[in-house]
Amino acid sequence: MEGGVGRECANCGSTYAPLWRWNGTGHLLCNACGVHVMSGFAKPVMKTSGGRRSVSRRVGLSCANCHTSTTTLWRRNNEGEPVCNACGLYFKLHGVNRPMSMKKEGIQTRKRKPKGSGKQKSSPSHSKGTL
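Residue numbers (full-length UniProt numbering): 1 to 131.
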């Protein structure tokens with residue numbers, strides 16, 4: 001299976017890959033996602049040209065619990081239905097579906113400082129006394 005004619009990665013939505021793989025549930029994955037799934041690590045989130053993290057807006061996909069169509073990460077519930085990151089994490093922590101009253105309008109993301117900014121750690125100084 002080469003190219004991307006009529007194929008779409010179930011994880012990232014990519015339609016082109018030099019190599020396609022199948023995950024454990026029979027879904028098609030691009031090579032990059034397949035490698036990450038096999039290694040047990042999540043695929044890194046790509047940054048958009050503006051430096052902001054992209055938000056997954058897969059066409060026609062909505063959360064089975066809160067019905068949102070925008071999330072930073074799509075997960076699957078125990079029935080295999082797609083759920084947004086918030087609902088998936090809430091269920092994982094509490095064992096029950098996330099209440100609709102907790103649904104927010106926007107997505108809250110971390111505001112991390114760039115790696116180069118901030119104070120540099122100084123090495124521990126030795127006492128200035130004589131030995």
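Honestly, I wouldn't trust all of these hints.
Pairwise CB distance ranges (calculated) [what the hints assert, rightly or not]:
1. LYS115 <-> ASN23: 20 to 26 Å
2. LYS113 <-> GLY26: 31 to 37 Å
3. SER39 <-> ARG112: 32 to 38 Å
4. GLY24 <-> GLY60: 22 to 28 Å
5. GLY6 <-> HIS94: 38 to 44 Å
6. GLU81 <-> ILE107: 42 to 48 Å
7. HIS36 <-> THR109: 19 to 25 Å
8. ASN85 <-> GLY24: 16 to 22 Å
Derived pair list, reagent style DSS-like, types lysine-lysine, alpha-carbon separation capped at 30 Å [unchecked claim]:
9. LYS92 <-> LYS103
10. LYS92 <-> LYS104
11. LYS103 <-> LYS113
12. LYS111 <-> LYS92
13. LYS92 <-> LYS113
Because the hints were derived from the structure by calculation, they are not lab data.
In this text the structure is predicted, and so the values were computed from the model without any measurement.
Virtual Cβ for every residue (Gly too), placed ideally from N, Cα, C.
Evaluation of the provided hints:
1. LYS115 <-> ASN23: 20 to 26 Å: 33 Å, violated
2. LYS113 <-> GLY26: 31 to 37 Å: 42 Å, violated
3. SER39 <-> ARG112: 32 to 38 Å: Taking Cβ atoms as reference, SER39 and ARG112 lie about 24 Å apart, which means the hint is violated.
4. GLY24 <-> GLY60: 22 to 28 Å: 24 Å, holds
5. GLY6 <-> HIS94: 38 to 44 Å: Because 40 Å falls inside the window, the suggested range holds.
6. GLU81 <-> ILE107: 42 to 48 Å: Hint violated: Cβ distance 20 Å, outside 42 to 48 Å.
7. HIS36 <-> THR109: 19 to 25 Å: This hint holds: roughly 21 Å between Cβ atoms.
8. ASN85 <-> GLY24: 16 to 22 Å: Since ASN85 and GLY24 have Cβ atoms about 21 Å apart, the given range 16 to 22 Å holds.
9. LYS92 <-> LYS103: 17 Å, holds
10. LYS92 <-> LYS104: It holds: about 19 Å lies between the C-alpha atoms, which stays within 30 Å.
11. LYS103 <-> LYS113: Within the cut-off at roughly 27 Å; holds.
12. LYS111 <-> LYS92: With a Cα-Cα distance of about 24 Å, the restraint between LYS111 and LYS92 holds, given a limit of 30 Å.
13. LYS92 <-> LYS113: Holds: LYS92 and LYS113 sit about 29 Å apart, inside 30 Å.
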